[in-house]
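**Student:** Chains F and Y, in that order, are what the protein sequence lines are. In our numbering, each residue carries its 1-based index in the first sequence increased by 498. In our numbering, each residue carries its 1-based index in the second sequence increased by 888.
Hint data in this document are derived by calculation from the structure and do not stem from the laboratory. Keep in mind that a hint or two might mislead.
[Said to hold, decoys possible] Here are the computed lysine to aspartate or glutamate pairs in the EDC-like style, where the Cα-Cα straight-line distance is at most 16 Å:
id, chain 1, residue 1, chain 2, residue 2
1, Y, 1113, Y, 1061
2, F, 511, Y, 1065
3, Y, 941, F, 639
4, F, 519, Y, 1116
5, F, 553, F, 564
6, F, 511, Y, 1062
7, F, 511, Y, 1061
8, F, 607, F, 661
9, F, 607, F, 699
10, F, 558, F, 572
11, F, 511, Y, 1033
Read off the chains here:
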Amino acid sequence: MAASPGVLTRIGKTLREVKKKRWGYVFISPFYILFAVFSVYPILFSIYLSFTKWKGVGPKVFVGLENYSRLFKDPIFWQSIRNGFIIFFMYVPIMTLLALVLAVILNAKFIRFFRLFRTILFIPYITTMIAVGYIFRTMMDTNYGLFNVVLTSIGLPAVPWLENIWWARISISLLILWAWLGYNMVIMLAGLQTIPKDMVEAATIDGASPAQAFFRITIPLMRPIIIFSVILSTIGSFGLFNEVYALTTVGYMMGTPQYATITPLVYVYQQAFQNFNFSYASAVSYIYFAIIFVLAIIQFRYLGRED
Amino acid sequence: MAFMTESSAIKTKTIFKRIFIYLILILIGIFMLLPFFWILITSLKPIAEVFTKPIIIFSRNMGLFNFINAIDRGVFIRLWNTFLIAFLATALRLFFCSLAGYGFAKFRFPGRNILFSVLIASMIIPFTVTLIPLYAMMVSFRWIDTILPLIIPGAASAFGIFFMRQYIRSIPDELLDAARVDGCSEFRIYARIILPIITPGLISLGLIFFMQVWNDFLLPLVILKTPENQTLPVMIASLFGLPGETNMFTVQMAISVISITPLIIIFLIFQRRFTAGITFGAVKE
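One chain only, chain Y, in its complex shape (with noise of 0.2 Å):
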């Protein structure tokens, strides 16, 4: 083996290296781990227990009585409107995403670059801009208190055509050709060609969007005024300083752990996929 050949010293100070990068990626990685692990033992303790010195991290009375908490204030509705939310606003903008970067990468049109260079800048607009005057458009719509404005609005994500178009790019014009002389119908070719090839593409993106309008907090917090409407990430900052019911952090941290936990779920099973998105807009080109 190497080692043989390398005088003892180097490899004395070669071990000795390697340890202290193992000790700050461990460290690291305990950062990085423990408010997963605070926000469960809190979720598990009664309030008594949270706020005390010296500080107490396991004791006899943890159970899941928080969770019963949050079941009676009605956490279960909230988690199904999250899901229904991310789950909707996703489908719709990997269609529309799809569809246009088929669009921008497939077909030559006057005015194309133009328009593409639109939609590229359309992405430094801030949501500090649109927000106001989105809100004052949707009280018009008499939008408030539905899911339309967490959905429609955002329904053709800019990142998300570019994402599809370098995409999309790399299938072989022959195929959709031979297609088309079969008499194919364009939207044929997309459903039926397209679709099928992409379908990687799809979930990676699909990963993101989901993770991104499931966090989602500023646009739910101004648009869903009716407690039951509301989703998981409103729901844990409603129960913050709360006037009567001052202790309701131990809940907090339950409703918490039943927002994170399926996101971690869906991301150890497509991580693959899902660095794979995460990555694809910013290497490449």
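With the rest of the complex left out, here is chain F (with noise of 0.2 Å):
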């Protein structure tokens, strides 16, 4: 008689595990119903896409590897990747080392109107991206944008920010910073207050530069944080496409001047809802999958390594 209630509650919990697990499975499922759907289903359907001529509208007649073809062949599209690269290398070491810098500033014990400085720099990251891209292009007109105004005004040569294939994507990654730079201020100073300030005072004890610190203690700290938004902006360089939609199309031409700031979600968007090749455009988006695919594995492979 003694063993029998340690018995029973031992059915008893075995009996609450299974459903226990059953309802676990039963609350996840949602995501995994969606995802199959809306992700896994149009991807797989996508490959079969990008092996037919497809104008979105019709019948679809399989072509085999013609859109492949094609593609390698295509400047554009190679100038898309270029893009992706060039534009990611012109932003991303500015604004992660400005990030941080400003962090460590705002950081500092004697910054009065903290809240305040912190605010104006995050409050660009909820700003609807399309409406400052419009005015963005306004104040870089040549000829009437205030930003040559004020250039010509203290004796600066004036800029043609949206005409030139350079200038058109540092204008392009001026918007990019502007839009990010508190978000990733935001993240790395919530980073900087999980360091323990004691070890940047230990070292500054013992005789090292504000910049030695800097360098030597709270880089390689920071260091899963830096990953972090670095991978975030690889992403979002290869999926630009308000910053180009509002600041460099002209009529129906997206990524002026000379294609210098197309990139590859702008020219899948071109390819297929302007020309309406669809089956085209698959095949396109497969290629710029499969380079981020790689990115990604040798990015997570590095955060890995860090772990």
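Hints in hand, dock the two standalone chains.
**Tutor:** This is the structure we're talking about:
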């Protein structure tokens, strides 16, 4: 008799475990159902689509590898990949360093108006990008734009912000910097607050200059967060769309001048929704996927090694 | 005070350093706020005073006429569309994310780790790949020009589930076990015990979702065809370079003010919750 309550609780416990397990599956199922229907199936369907000729409506004609062979000879496709990398290297190092330096400054004890500065830096992140894109476009106008008026008034030459290949890329990078600097700064600031203050203080007492303390202690300790923000920016620069749509689109010409600012996502959009080459756009998006996949694996490995 | 013991040379040096730092902060602050100021004054100006040399900043001719023009063009129905889509999408996402977060945090079941890895890996699938097939699917569902494609496919966000799992993990198991002994069903435990505890996290995550959907541009651009069904960002873009009406720029800026202001107000009210949400995923773990 003495053993039976123990057996009963054990049986009861097992039954409860099974019941609990069932609920675990039920609770996580919405994600996997939606993921299967709206991500996995479309991605598989898109492979099929990339081997056909399809204009968005009407029958799909099987054409084999035609879309892919066309793609390898398509200079604009290659240009869009180059642009993805160029724009990435234009803004990511500057933004990451600037965000980190600003975070260190705002983290210093003597700073007054800390909240105000943080708020002002962060507000661009929540702002409708398409609206800001158009105001940047006016401010960057070569003849009437505010930027050039200010530059010429202090004796500097006017800049062809949106009319020159390299300046257009710089302009896009500047817009991204404006929008994302505060976001990255807030993340780095939160990271800094997890670093024990006495570590940096001890280094300064031992005779390290603030710059040495920054490069030798702060940056290594912040490494995981820096990598996190760089990974986000990688996916971001291949997926740039709103910035290009607002800043460097003239009529049906996207990514002006001379496709200098066309990005992968913009090119997919253009092929599908302007030229109605849905099947070609699918093939193009697949190659992008392969590139991003390889980049992500490299970066995940890098991250994994750190942990 | 401290400066009494310092030599005056060091004191002046630190003062100059601090002035320099404040100067840089102020310059960056101006750069950040300038576009907002420019949007606001442009929205109040007649078009004739926008592209001028020298630049006109304030003038007598300023007024609310661009806003009246925007109202005539149906800005309020777009504002309502934008709000409705953002609200419904946020509510559904919060429900599915907290439910799945609870499932991952508090249940041990075979395959849990693999399923969780799939979830994390799904975050790197770029929108570039799903855009075309998703659009084709929406065409065959006859969902084009409805709000469903903007709410349903993204209703269970992987990031949100990850966020909620981290949040719910910290709830002690004893609390849930006590409720189970009292005969509570698992869904009742979710609704009555989990939800009240995670309310701050739901607010943080909800603000992020609401902002993302509110500002979303590409998907609404390809899905919403009828002008009356469009959202504010799509309306702003649709007025640019309109054939026959070249100078809609000031009206565009009036609509931009209408699109930006609600989010800034929400942000200023919930600033602490918002930044807590943004930094949660990046800094923890």
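**Student:** Against this structure, judge whether each hint is valid.
**Tutor:** Here is what the structure says about each hint:
1. Y/1113 x Y/1061: Violated, at about 50 Å.
2. F/511 x Y/1065: holds, 11 Å
3. Y/941 x F/639: holds, 12 Å
4. F/519 x Y/1116: violated, 47 Å
5. F/553 x F/564: holds, 15 Å
6. F/511 x Y/1062: Holds - the C-alpha atoms of residue 1062 of chain Y and residue 511 of chain F are around 15 Å apart, at most 16 Å.
7. F/511 x Y/1061: holds, 15 Å
8. F/607 x F/661: Violated - the C-alpha atoms of residue 661 of chain F and residue 607 of chain F are around 44 Å apart, more than 16 Å.
9. F/607 x F/699: holds, 12 Å
10. F/558 x F/572: violated, 22 Å
11. F/511 x Y/1033: violated, 52 Å
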